[in-house]
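There are 2 protein chains.
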Amino acid sequence: MCQLLGMNCNTPTDIVFSFEGFSKRGGLTDHHTDGFGIGFFENKGLRLFLDNHPSAQSPVAELVKNYPIKSENVIAHIRKASQGHTSLENTHPFQRELWGEYWLFAHNGHLQNFQPNFKYYQSVGNTDSERALCYLLDSLRQQFAHKPDPATLYAAVQAIVLEIREFGLFNMMLSNGDYLFTHTSTLLHYIVRQAPFGEAHLVDEDIAIDFNEVTTPNDRVAVIATLPLTDNETWQQLAQNEFAVFHHGEIVYRHTPQPAVYLSVEEGLAIARAVGTAC
Amino acid sequence: MCQLLGMNCNTPTDIVFSFEGFSKRGGLTDHHTDGFGIGFFENKGLRLFLDNHPSAQSPVAELVKNYPIKSENVIAHIRKASQGHTSLENTHPFQRELWGEYWLFAHNGHLQNFQPNFKYYQSVGNTDSERALCYLLDSLRQQFAHKPDPATLYAAVQAIVLEIREFGLFNMMLSNGDYLFTHTSTLLHYIVRQAPFGEAHLVDEDIAIDFNEVTTPNDRVAVIATLPLTDNETWQQLAQNEFAVFHHGEIVYRHTPQPAVYLSVEEGLAIARAVGTAC
Numbered sequence: 555m556c557q558l559l560g561m562n563c564n565t566p567t568d569i570v571f572s573f574e575g576f577s578k579r580g581g582l583t584d585h586h587t588d589g590f591g592i593g594f595f596e597n598k599g600l601r602l603f604l605d606n607h608p609s610a611q612s613p614v615a616e617l618v619k620n621y622p623i624k625s626e627n628v629i630a631h632i633r634k635a636s637q638g639h640t641s642l643e644n645t646h647p648f649q650r651e652l653w654g655e656y657w658l659f660a661h662n663g664h665l666q667n668f669q670p671n672f673k674y675y676q677s678v679g680n681t682d683s684e685r686a687l688c689y690l691l692d693s694l695r696q697q698f699a700h701k702p703d704p705a706t707l708y709a710a711v712q713a714i715v716l717e718i719r720e721f722g723l724f725n726m727m728l729s730n731g732d733y734l735f736t737h738t739s740t741l742l743h744y745i746v747r748q749a750p751f752g753e754a755h756l757v758d759e760d761i762a763i764d765f766n767e768v769t770t771p772n773d774r775v776a777v778i779a780t781l782p783l784t785d786n787e788t789w790q791q792l793a794q795n796e797f798a799v800f801h802h803g804e805i806v807y808r809h810t811p812q813p814a815v816y817l818s819v820e821e822g823l824a825i826a827r828a829v830g831t832a833c
Numbered sequence: 555m556c557q558l559l560g561m562n563c564n565t566p567t568d569i570v571f572s573f574e575g576f577s578k579r580g581g582l583t584d585h586h587t588d589g590f591g592i593g594f595f596e597n598k599g600l601r602l603f604l605d606n607h608p609s610a611q612s613p614v615a616e617l618v619k620n621y622p623i624k625s626e627n628v629i630a631h632i633r634k635a636s637q638g639h640t641s642l643e644n645t646h647p648f649q650r651e652l653w654g655e656y657w658l659f660a661h662n663g664h665l666q667n668f669q670p671n672f673k674y675y676q677s678v679g680n681t682d683s684e685r686a687l688c689y690l691l692d693s694l695r696q697q698f699a700h701k702p703d704p705a706t707l708y709a710a711v712q713a714i715v716l717e718i719r720e721f722g723l724f725n726m727m728l729s730n731g732d733y734l735f736t737h738t739s740t741l742l743h744y745i746v747r748q749a750p751f752g753e754a755h756l757v758d759e760d761i762a763i764d765f766n767e768v769t770t771p772n773d774r775v776a777v778i779a780t781l782p783l784t785d786n787e788t789w790q791q792l793a794q795n796e797f798a799v800f801h802h803g804e805i806v807y808r809h810t811p812q813p814a815v816y817l818s819v820e821e822g823l824a825i826a827r828a829v830g831t832a833c
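Chains as they are written, first to last, in the working numbering: chain A, 555 to 833; chain B, 555 to 833.
Among the hints, a few may not be true.
One copy or any two copies: either way a pair holds, since identical chains are not told apart in the list.
Distance condition first, Cα-Cα at most 30 Å in a straight line; then the derived DSBU-like pairs of lysine-lysine [to be verified]: (1) Lys701 / Lys624; (2) Lys619 / Lys673; (3) Lys673 / Lys701; (4) Lys619 / Lys598; (5) Lys673 / Lys598; (6) Lys673 / Lys624.
Just so you know, the hints here were simulated from the structure itself, not pulled from any lab data. Please read all numbers here as calculations on a predicted model, not as lab measurements.
For reference, chain A alone in the conformation it holds in the complex (with noise of 0.2 Å):
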């Protein structure tokens, strides 16, 4: 299975103390080594780093570590290839325009015979994940020729998101650089950090941070992971099939399926291999 990293916040942030933990995860603590991506909103812009070397190797991943971007809005991906060989072309998160923004999406899970036709977008390479970011800004751009008021437009993100995990497991995140859109198949955490802030403390390497130190106290940090990245701060958990929206550090928008089921790391890794999974 694949590893998801999101964060949202209400004001420019580096991710450097969580990216470094969750690049660990690829090929070091764990086996996802089939290559990793990056994107970073700033402002209308955005700065995607891709490479199919491990992210623990990866000299692209040792520039994120040691180069603090500052951003509202990020999402990383560390790979372990079910569908599509690893090449670039596959390489999450995957970028598109839409409306004069900038979109971008990570998936992990594993879509079946999910083969929709597109009219405004098309794949590059060969993926599920691709096919999910086509149809989803195929949709929303036959649906609104410019973008709608954000309660319109998290009704209509999460109607498409209830269409396409039909086709099998789809945690996602996706993001405008302004909203990020989450949807939960299985594991996904998060945290909101704020003030008073403490010290946090890495899963994946022994690396701590006292973010009193690095934040105003106006600061709002949402981070968004498969599973926890640190093991002294008390994350939540989205449960399954979850849609939430983080706007400005904070979830703005959510339905959660009644009654809530939230699995364990077990039983969300067992499912993931059952399906023969997965990005």
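With chain A's structure known, arrange chain B on it following the hints.
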């Protein structure tokens, strides 16, 4: 004025030597200090590195110089902002998808009152250059639902380029990972390196390379740049208003207006300055 660098080869080749000299022009040997970008095609995949720091000091440029990415098509750009503020969304090259392929584009020049309508693509930033890419791809897409044969494609791109250049200075490079299309309003030079290979020495730095040691006898590499990058090789100049298409390291299609006019470097730079250019 900004500067452009392109490479088109018949075998994946690293551009480290050329980029070494080119990137010096971003802040050291020249004044192109408003950011830089470089995009590498690897099969169908595209890796685009952007930075709004000057290339001479950018950690991203440092990575590119130390990480020999092998590519058959590369486009790079160093920027001296004339239109649009210096921000990531205005940093060349620009990227979009058409017909299931990524397209990469960089421009130096200045298009006046160029505000076309788009059906399929929209600008994210506010440069004339990004609008030119959107217009190019929009026009291609409106004419062809699928990618046409090469001769039809060359002629179609050329026709759109002729339309755009009516609006002003349009030195540009465009690639889909297969072809590298160029248009010259003032200055573009190129060199085709093939066996027997020799030694090359940079203009901007005292660095030389013996291409015999890093090539095979069948390699053919075209390097295209605003100004020659080496001082001991013979660069060819593209004529004013010439349209040329490179494929596998050679020009496969060109239209040279007659009589062909070749500007001196001084004349080219003077024209750029006179129109308040340029990127």
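Verification of the hints:
1. Proximity of Lys701 and Lys624 under a CA criterion of 30 Å is satisfied intra-copy only: 26 Å inside one chain copy versus 39 Å between copies.
2. In this assembly of identical chains, the alpha carbons of Lys619 and Lys673 never lie at most 30 Å apart, being 38 Å within a copy and 39 Å across copies at closest.
3. In this assembly of identical chains, Lys673 and Lys701 lie within 30 Å of each other by CA distance both inside one copy and across copies; the values are 18 Å within and 15 Å between.
4. For a Cα distance limit of 30 Å, the shortest separation of Lys619 from Lys598 qualifies both inside one copy, at 22 Å, and across copies, at 27 Å.
5. Proximity of Lys673 and Lys598 under a CA criterion of 30 Å is satisfied in both settings, with 25 Å inside one chain copy and 21 Å between copies.
6. In this homomeric assembly, Lys673 and Lys624 never come within 30 Å of each other (Cα to Cα): the closest approach is 35 Å inside a single copy and 33 Å across copies.
Hint compliance for this structure: hints 2 and 6 are not met, and every other hint is.
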